[in-house]
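Student: Chains as they are written, first to last, in the numbering used here: chain D, 1 to 348; chain W, 1 to 312; chain R, 1 to 278.
The reader is advised that the hints may include incorrect statements.
[What the hints assert, rightly or not] Some chain R residues well away from chain D (every beta-carbon gap over 12 Å; in silico):
(1) Phe25
(2) Lys38
(3) Tyr59
(4) Ile108
(5) Asp133
(6) Ser173
(7) Pro220
(8) Phe263
[Unchecked claim] Output of the computed footprint for chain R on chain W, the stretches with three or more beta carbons under 8 Å from beta carbons of chain R:
(9) 113-126
(10) 153-159
(11) 289-302
None of these hints come from the bench; they were simulated from the model.
Every residue, glycine too, gets a C-beta built ideally from N, C-alpha and C.
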Amino acid sequence: MATLSLKGINKSFGSVDVIRDLSLDVNNGEFIVFVGPSGCGKSTLLRMIAGLETLTDGAISIGDKRVDHLPPANRGIAMVFQSYALYPHKDVRGNLGFALKHAGIEKQEIDKRVNNASEILGLSEMMERKPRELSGGQRQRVAIGRAIVREPDVFLFDEPLSNLDAALRVHMRIEILKLHQRLRNTMVYVTHDQIEAMTLADRIVVLRDGRVEQVGTPLELYKKPVNTFVAAFIGSPAMNFLQANVQDSSVNLEGESICTLNAKDGPVQLGVRPEHLVVSDNGPFKGSVSVFEHLGGESFVHLALADEQSLVAKLDGEYIFNPGDECSLAIKAEHCHVFDSAGRNITE
Amino acid sequence: MANTERPTHRRPIRWYILVFLAPATLIYTIFAIYPILESLRLSLFQANENGATFEGLANYARLIQEPYWAEQFWNAFKNNVLLFLMHMLIQNPIALALAALLSVPTLKGAAVYRTILFLPTLLSVVVVGFIWQLILSPLWGVTPAFMNFLGVGSFFKPWLGLESSALVTVTLISIWQYVGIPLMLFYAALLNVPEETIEAARIDGLNGWWIFWKVKLPLILPSLGLVGILTYIGNFTASFDLIYSIQGGLAGPDYSTDVMGTFLFRTFFGFQAQLGDVYMGATVASALFFIILIGVALYLFGVQRRLQRYES
Amino acid sequence: MLITQRLSSAGIHAVLIAYSLLALFPLALIVINSFKSKKAIFRDPTGLPLGDNFSSKGYDSVLNNSDFPLYFGNSLTVTCVSLVLILLLGAMAAHALSEYRFPGDSLIGLYLILGIMVPIRLGTVALLQLIVDLGLANTLTALILVYTAQGLPIAIFIFTEFLRSVSKEIKDSARIDGLSEYRIFFEVVIPLVRPVIATVAVFSMIPIWNDLWFPLILSPGEETRTVTLGVQQFIGQYTVNWGAVLAALSVAILPVLVMYIIFSKQLIRGITAGAVKG
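Chain D on its own, in the form it takes in the complex (with noise of 0.2 Å):
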């Protein structure tokens, strides 16, 4: 149990900077994700806390102690990886007691650990198993279970749900999230998926080019992302964004008032999320059918504006539309987000 510190951490491979001035607070017992775009850094961020990689600049502490000169083993962090990482020629007890017994652990402790672990995680049946034997779910949960019997300050996860197919995933979310509830250790996680990030986080940190774009809880992030990288990132089907003006304080699409913005008359573009659509005879948002999707409690429109522009809006599952049928949409003014012209988030 520990909170992570970061300081000023900088990353530069040779005249590459991977990660440029990051500093982060994580509380004890937090669940915090760091998500963001192939590329970002965060595993490298990740790596860095593990101690898989040097710093360039800056420091960690986990707890009061600074780690960042430690050797990974010493630093009180356990890991999980996307290719689960086991040892090919060990059974499942021996992957689990691996690391204890390296560390001198008396072989009555490291039992008791393993067995625990193996019960959490219902392992049992399979210790003398090898991993070659066991499905993917189950090799992911081994190497969870590795992590769990260091008994670790911090857990940390890269990508650990990557490789599984889509229904193992969701399962697999709920058991980290369960397991998270019954250890409430801190944990940091690091993931592509924005919806892993979303069920999973107490707080989400989204990186770009290895820099913090916004740091929040997941409900912040999807109501006031700061801006268009934030907004496009979170939230499922993507928010459309639209080329907009304002004039006289109203934020105008083709001549029809969206909703009010105490801002200097220009170019703005305004984030409309596909969920906060409706239908409606005199909406705002007129235009023709180019594809629509049904998806049987819920469909999607993807709606051609008269300016050229396009909009997908996330209806009921009682719509109907054809290709070319004529369609109004409607949002209420506080779902509306706008963007100045370097895409930060002005909405007020």
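Use these hints to put chains W and R onto chain D, whose structure you have.
Tutor: Structure of chains W and R alone, referenced to chain D:
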């Protein structure tokens, strides 16, 4: 607990990389690379009363011009080229045909055939050489008896002892032994042709024979290039063992089976009245080095690059 | 349709069986006749070594009246020690090349596999001088060092290709478990490369066991003769004693045959996998 150590963020020197790399690099450098470079250097010297003097490329000039050397050199070179061509024209087509048969998906017992066909490759060339020497020997009479049985007994000749047929016979023995290597390379490449591509060809109306010519063969072209260069290198270096063990260092009869390897051996160690010459030996070896280098360069920059276009 | 398929399948088997016989017949002929009396060898070359025909005189003169046991021991020593060195040093170098980034890493990698294309034999002239200068002429050590140098490039190539395909995370995981870089090599990497060790071993072993060139040049002395050189010299001396010649050839074939039967699966898998990559 206060932190007294100042982290420097500088990675300590990673000695373990050196520990992992040094032993292999040292042994390899001392016993493989250095001797080759030193041979190249020695080829520029000639022996005289006070040791050796630097003569530039004089040795190479002697090798290809001075009658005594040139005759042997060009003879050995010609034989090597013949050896190479015969392997390319006989060994590799046989290997390709066998590989094509082996890779028929419905074939039962492919693993057994594979094991048997590759077996001769593993034997010592010395052993293979002697086995065939005995079998073809008129003394034992196995071959004449077998040929009589087939009704062609009158055609038997001591092929290894005749100037006109010795090189061809040695080549056929070498092919008997080494057909397994190109066979395996072709076989692997053929297995690697995606099943979907073949099914697509079948749907396009091609039958088995045309699928092989029009679909599989173009796809395995890169391995044809690889087999070509391996055959080339093997012919210029490994051919020594077979010829030395069947025909001896003089590569008889009357040098008709002499190759660069046996020529190098005689030059370096001497034979009969002729004394060995370290510097000419180094020159022959270096000439061989450049011949192989040219082949490898042609392969890497020409053949392989062109063939790779088919890969995607 | 079915009938033509059957016919073509029969044709394929006919061709393959014919070629298999061609590959096996000469070997069988030698081994069978090595167990026969001299008379039987000439009178009835294709007969089985039964009854009157049987004679183990050939083996007697090879195993008891010659130095073959010694040659055998020499070959075994040279092959085994070289093999251990090739596997260990090759795996170490491959691990360094595949795991760590350091200045000049790809250059060293290229340098180390250069030897695949350039046969070490071309340096024989200088190599013999070097071996003489080091006082290693006519020693098994000379052969071991040369064969190790000869076998390293292909071993490093195969190991590096394989290790690059193995997840790096498992080594990171071991680092988090607190293993030193050396222990990671011995406790994680060695078990990881186990599947290709057999391939590399057979690949390296065969040319060493069968080589004639280096034993002939570096260690031709009676005490350090290998089986291959021994056979070559032995046959040169005993051309009249056919039984002994055939027995000597059989003795030289046997260990390779046994190794092949044990490892043929790995070897062929290794060749095919390597070819797919190359």
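Student: Okay, which hints does this one fail, numbers in order?
Tutor: 6, 10
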